[in-house]
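Asker: What follows is each chain in one-letter form.
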Amino acid sequence: MTSPTLLEPASPAPQPPPAGTERTRRSFAKRAGGQLHAGPVAYTVLTVLSLLSLFPLVWTLIASSRTSGRLAETPPPFWFGGNLLTNLERAWNEGGLGKAMVNTTVVAGSVTVGTVLFATLAGFAFAKLRFRFQNMLLMLTIGTMMVPPQLSIVPLYLWMADLNWTNQLQSVILPTFVSAFGVFFMRQYLISALPTELIEAARMDGASSLRVVWHVVFPAARPAMAVLAMLTFVTSWNDYLWPVIALNQENPTVQVALNQLGQGRIPDQAVIMAGALLGTLPLLVAFVAFGKQIVGGIMQGAVKG
Amino acid sequence: MTGPDNSVDTAGATSPAQGGAAPAGAASEPRTPRGPHGEQGSGGDTSAEEKRLARRSKRARWDLKASPYAFVAPFFLFFAAFGLFPLVYTGWTSLHKVQLGALDDQQWAGFHNYARLLDDDFFWNALWNTFTMGVMSTVPQLLLALGIAHLLNYRLRGSMAYRVALLTPYATSVAAAALVFTLLFGFDSGMINWGLGHLGIDPVNWREEHWYSQAAISSIVVWRWTGYNALIYLAAMQAIPHDLYESAALDGASRWRQFIHVTVPMLRPTILFTVVVSTIGATQLFGEPMLFGGSSGYKGGADHQFQTLGMYMYEQGWVNFSLGRASAIAWVMFLLLLVLAALALVVQRLGPRLRTAMRSQR
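Protein chains in written order, with full-length UniProt numbering: chain G, 1 to 305; chain S, 1 to 362.
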């Protein structure tokens, strides 16, 4: 995220030196892919697709501001009505979205802290330290990314039932508290972003490993930690399958509450839409504020991962 | 860590505090310049000093050796507890008869759960649905993403705005997306049927009809993930050296031919990566159809027409209370993924070889 090439990938990579290139060659280079300015077709297609991308969300807002009856008419509404606050209030209170939002914030917040902290530590060890079984452990880490979470659900449920943890938030937090993707992501970042000389210099000054982590690794990893934090928060906020099984309507996360709305707990479409809006709102706000960084982070993870 | 390792050994001889693990003392002490000569001159303290030295360098060496394991330990502890152990235990449970109401009463059942799955029409139906919806959601999603990435790779005004707009669905949860699309796909007053009506097309029963309901559910997946994949492709495209395009252009290749003969081959590893990831996602498809189905969503519609393996597992375990069978379904899913991963490997390894072989045949 620090390097401008990742943030502004639109600006093309530095041109090969123009020395000795005559006119024709340069015009050929201009025709080459990635160099050319987009034409009206590209702009039109991208604009249409962007609108299609945003439309369901905008329409959620429109539907939340209407009454259920209006949603059942044809044609469906295309503009805002005056019912937004009432619907949001009903979703918040009757739909249990209020408690759910608090719960989800707790869950996503703890999972984010745990994932980022432990991923940075392990990523640092895999990137910059040498130890026995290192490669084997790294392969194991990557391998775990292939295992679908469904596979663990039955024993996790049995276990949580044994501990009397069903319906409690820790049953959702602990199984996702660390992430293999996070470890791998931090490793790839730190390999290039953290100069080995810096660690050596710190050690020469007598720094213990913990001090190295605190004063050298964390500062160097900060941009990637921020990206990983955002990605983890989004994933955790939107997690669906396990929370639906592990929690009930007394102590739901947002997704559990939305699931219950969807199954007809409140048969009012406008309220359901208001719930869907509420459940996504924090992430949408984050997207408006940090969209650029999130895009950069995903692209960065993609290049290196 | 060979570098620091050496430095600590020598440091231990020259300066007592170097490599020390005590944070507060270590920061202040090494500043006093104390060479080997100075130490020898300090008379009666020598043995105590040496002991301290030895202790410190020992601690430093121990710190160097142990810290990597300490740093990776939290991840592996959590992984072992909540990933590996449940994975193995699921296999164990799948060989038992376990009822949700009586968890402690487990009876050995051997491969009975698996055998029953093979005879079970609903299982095969769910497997087939998972496959068809997987194809319907993955193929358009990746093709569309490739095209979008290509367009975004041009020099573009406001390209960041496009990227953010295209990625926004990624921030939407399965639940919210499924609820909105359910309404959009409504039969009487849904916006999509209304739009189709204007094109002179009869309203489609998106909820009940086999292929239409599957298409509607797939469209939710496509909507949520296309932008994400486009960004991954875009990142890989920007890593392609420009000389390749230049020489292709010099050879008179059109932009379409450049795309087919330069961009796509250079993206092959990335494409394979996204195919594998989307395939894993498709095998796990659960939330979208579950919510699309409404109050008895786990059935996947009146005819089970969009019930996936994940939903069937949920139905067996948490509606029919048969956790043993649910575990067996989970393991079948795992085996399927292993087969798919092996296939991907084979394609990656054999693909180029096959092509050269075919070329030489010609």
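Heads up, a few of these hints could be off.
[To be verified] Rough simulated footprint, nothing fancy, chain S against chain G, three-plus residues with beta-carbon under 8 Å:
1) 86-99
2) 104-112
[Unchecked claim] What the simulated footprint calls covered on chain G by chain S, stretch by stretch (three residues with Cβ under 8 Å from a Cβ of chain S suffice, anywhere in the stretch; the number is not a length):
3) 122-130
4) 150-161
5) 222-233
Calculated directly from the structure, the hints in this document are not laboratory data.
Every value quoted in this text rests on a predicted model; they were computed, and no experiment measured them.
Don't be surprised by glycine CBs; every beta carbon is placed ideally from N, CA and C.
Asker: State for each hint whether it applies.
Answerer: Against the structure, the hints:
| no. | hint | verdict |
| --- | --- | --- |
| 1 | 86-99 | violated (count 0) |
| 2 | 104-112 | violated (count 0) |
| 3 | 122-130 | holds (count 7) |
| 4 | 150-161 | holds (count 11) |
| 5 | 222-233 | violated (count 0) |
Hints 1, 2, 5, counting from the list given before, are not met by this structure.
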